[in-house]
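Novice: In order, the protein sequences belong to chains C and L. For what it's worth, the numbering used here labels the leading residue of the first sequence as 1, then goes sequentially. For what it's worth, the numbering used here labels the leading residue of the second sequence as 1, then goes sequentially.
The set of hints was computed from the structure by calculation and includes no laboratory data. Keep in mind that the hints are not guaranteed to be accurate.
On the chain C side, residues computed to face chain L include the following (Cβ under 8 Å) [claimed, not checked]: (1) R75; (2) A121; (3) E193.
Predicted model only: the values in this text are computed from it and were never measured. From the three backbone atoms N, C-alpha and C, an ideal C-beta is built for every residue, glycine too.
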Amino acid sequence: MTVALFEATGLAKRFGDQVVLEDITLSFEESKLSGIMGPNGAGKTTCFNVLTGLHRPDRGRVRFAGEDITGLAPRAIARKGISRSFQIMNLFNDYSALDNVLVATPRVRGRGFDCWRDLGADGAAQEAAAQVLARVGLAGKEQAKARSLSYGERRALEIGVALAAQPRMLFLDEPTAGLGAEGTARLAELVAELKRQLTIVIIEHDMQFLFRLADKVSVIHWGQVIAEGTPEELQQNEWVRRSNLGALAT
Amino acid sequence: MRILAWSAFGTYILLGSSRLDKHALVRDAVVMQSNPGRAARLPLPMVITLVVLLSTPLWLSGVGLYQYLALEIMIWMLFALGYNLLLGYTGLPSFGHGAFFGIGAYAFGLLQQRLWANLWFDLLGAMLAAALLGALVAAFISHRRGIYYALLTIAFGQVFWFLSIKWHGLTGGEDGLLGIKRLPADFGFARFDLGSNEALFYFCLAVFAAALVCLWRLVHSPFGRILSAIRQNETRAAFVGYNVWLYKFLAFVVSAAVAGLAGGMFAMAQQSAYPNVMSLHASGFVVMMVLVGGGMVSFWGPVIGTTIFILSRDLLGAYTEAWLLWYGLIFMVLVLFKPEGVAGIWQGWRARRPASRVAVLPAQQRQG
Chain C
1 MTVALFEATG
11 LAKRFGDQVV
21 LEDITLSFEE
31 SKLSGIMGPN
41 GAGKTTCFNV
51 LTGLHRPDRG
61 RVRFAGEDIT
71 GLAPRAIARK
81 GISRSFQIMN
91 LFNDYSALDN
101 VLVATPRVRG
111 RGFDCWRDLG
121 ADGAAQEAAA
131 QVLARVGLAG
141 KEQAKARSLS
151 YGERRALEIG
161 VALAAQPRML
171 FLDEPTAGLG
181 AEGTARLAEL
191 VAELKRQLTI
201 VIIEHDMQFL
211 FRLADKVSVI
221 HWGQVIAEGT
231 PEELQQNEWV
241 RRSNLGALAT
Chain L
1 MRILAWSAFG
11 TYILLGSSRL
21 DKHALVRDAV
31 VMQSNPGRAA
41 RLPLPMVITL
51 VVLLSTPLWL
61 SGVGLYQYLA
71 LEIMIWMLFA
81 LGYNLLLGYT
91 GLPSFGHGAF
101 FGIGAYAFGL
111 LQQRLWANLW
121 FDLLGAMLAA
131 ALLGALVAAF
141 ISHRRGIYYA
151 LLTIAFGQVF
161 WFLSIKWHGL
171 TGGEDGLLGI
181 KRLPADFGFA
191 RFDLGSNEAL
201 FYFCLAVFAA
211 ALVCLWRLVH
221 SPFGRILSAI
231 RQNETRAAFV
241 GYNVWLYKFL
251 AFVVSAAVAG
261 LAGGMFAMAQ
271 QSAYPNVMSL
281 HASGFVVMMV
291 LVGGGMVSFW
301 GPVIGTTIFI
311 LSRDLLGAYT
321 EAWLLWYGLI
331 FMVLVLFKPE
341 GVAGIWQGWR
351 ARRPASRVAV
361 LPAQQRQG
């Protein structure tokens, strides 16, 4: 039995009188790709937000690499090596693609209070950022403003910014949302490649995409994990079949 | 004094020009803040600003103006440049920034009258006083943004303004703090009397130039670039691993310190400190300067805006008491139709010009 890199136990979260997360227990193993699926409003994104520090859980613990990170601020969690992308794109719109990635690199983060040296003259930092862009398929777009990129390119940049921090663990929130078949295929390639170096967790609606890549999938419904297993196991799962989620994947 | 200043500037230009990169000059003139690659060490707008200011003693009286006006413009420019670090770069609307300008002015006067009449000590003290009180305010507001941030800055600004009026024992109340001296600049080996407007102008120009270089470097440094990233997307900046609160806090403190420095020089220029500069409408002036000039799209916006503002005050003011009405109308038209201000108009014009060298440069960037 491998030890999980990231564990969440008994997470609960409510907003006002609306209970969004009832009781979520999840564990993600190192260098595996885990998927989270579930119908709209099931609490998937809220779950991500709790795991990455945007919301503090009302109950439950989150552990990463043996350390309790429950309730830490996003920046603290980020600095421990957890990166995330967003479903609704969150970019530095006035910055070029290169600069978006640049400010996210550990090199720049490490000297964020330097008020004197020109960041534009830091060749090594620029080079590192350009490599990240190339990795997500944005080579040649370095100087294009984030806001002027196409939708698919912005999706890729979203992942690029998350990757730039050289994380141990990557959370992707619906990376295929709004992408066409071609874009999704390209993204699948990228994720398959990233999977070899990173621990990845993906929220995804596209079951074909998820079942092809994931080692393990958790199904969230009504704020609870209602099923869990390998893609093959899940397709046999009565609950998943009945809720019509599994059917989409076959 | 004048010869000294000219020769110092000449040396600066000569040393600097060897490093002038022609491409960077063009790019900078166009984009003002170039994104691709490095920032120019000696950007063209900086050279123009300093040369024009330095040459004012030669021609200003010839066109019917007076030296004190250039001094005042320069001091407000410094204030506006520091303010734009907050508004234009970090995207934090402070509408009570006049308070820190005033605090600098009072601190300069009080320090020289009660503690030690030394120019360096008092100017530094003006800066520190503004920075410290700025830190106090920033500690209360840095978790906010947008309208709540703006309202809190107004509230704090009013507190300081009220104190300056009511705390007679310290500030002299509504009469202001009078008899502030233009202390001599003592360099150890030489000592310059700053009594005349011209001498004070040269001294302030030196301070201004140093501050200008520092601010220019700051906005291109990692710190400045992160401030700009925070303006664009605070959430993402936090998830990338930055302590957004601390950056917003520091941006406020630095900008208050610059305001304090400008305020200290203003106290020397005016030979007094008044509650007036701390009032809400004086705080509004600096906002208008920055927006009209185009501080949202260019580092040089505040420089342009301050010049326009003070000149219209003097030139329009010569014709009508209600100059601010006319200025206000210009301001409204500009904000309605070209919120990027004069610098934005300039950038747009350069970008539209076909077949110019601009076209072959990398994609135009707008960078906070």
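Novice: Taking each numbered hint in turn, which are not upheld by the structure, reported in ascending numerical order?
Specialist: Of the numbered hints, just 3 does not hold.
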